[in-house]
Amino acid sequence: MQTLLPFFGVIEVSGDDRHDFLHNQFSNDINHLSENQACYATYNTPKGRVIANMIVVNSGSVIHLILAADLVEKIVKRLKMFVLRAKVQLDILSDWGVSGSLKDDAQPIFPSEPHLQLGINELGEIQLPHSGCLKIAPKNELPLHYVAAESRWNTHEILSGYPWICAATTETCVAQMLNQHNIGGVHFRKGCYPGQEIIARAQYRGQVKRGLAIARNPNPQIAGAPVQDANGEEAGLVLNSVGDLNLLVVKYGVVSSELRDVSGSVFALEHCFF
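Per full-length UniProt numbering: the sequence shown = residues 1 to 274.
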């Protein structure tokens, strides 16, 4: 299975200071990201809220960022605020895209250990821990977009516990709520970056009170849709959906009770990543 994935956009970062600059902005160790290697990372507010999660690709002379297409302009604008005298250029590659490939017999794989670096195979594909692969290139060099294949890709990512933040969910979660500490999106031994103190404190003091859950709901959901407990109180939100399948962020304390959407339709929990 191969398909273009329109959800994603691509940012190119060039200039002599690109590694240092991104290292000081993102949650992973960009300074030690080898050529033809990639990594998960988050870009956070000073309060530790994830503005965007992404895959950072060291393409040699440039670095590419893969993230939600509806966030690329926001991220470029924000990063440019901190460039100052650094030798860094940020460009949105509107004619580039991201494709996904997945074997026909691929099964969901839960995160078992953090992968702080991801390999790139001889086809130029980023090899993800859940067995899927991503490729970035000009759109005319990538596979066409197939709706059924995109649905299968999204299903595989949800069932494996790999969320994506978009414009509707930006700044709603800290990294641990998104499984980033388990998949390798946060390097806890690197230096300071925006939100680092909050993320580290949450990790070491056990202050994270929400996490990912897979659930089904017969009503179609959209990113950012509220999740409520049996009393109608706020209990979380929808991150990603395909068909009746949803990846939620929910409070730890509510999973033993019934969860509903705003219309009252019940979320049937299938797995919690906490």
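If you are wondering where the hints come from, they were derived from the structure by calculation, not from laboratory data. Please note that the accuracy of each hint is not assured.
[What the hints assert, rightly or not] Quick list of the computed label-pair ranges, beta carbon to beta carbon:
{"hint": "1", "residue 1": "Gly15", "residue 2": "His271", "range": "40 to 46 angstroms"}
{"hint": "2", "residue 1": "Asp104", "residue 2": "Asn231", "range": "15 to 21 angstroms"}
{"hint": "3", "residue 1": "Lys251", "residue 2": "Arg201", "range": "17 to 23 angstroms"}
Bear in mind the structure is a predicted one, so any value in this text is a computation, not a measurement. Each residue gets a CB set at the ideal place from its N, CA and C atoms; glycine is no exception.
Okay, Asp104 versus Asn231 on CB: inside 15 to 21 angstroms?
At 44 angstroms between Cβs, range violated.
At the C-beta level, are Lys251 and Arg201 separated by a distance inside 17 to 23 angstroms?
holds, 19 angstroms
Holds or violated: 40 to 46 angstroms for the Cβ distance of Gly15 and His271?
holds, 43 angstroms
Violation of the numbered hints given earlier is confined to hint 2; every other hint is satisfied by the structure.
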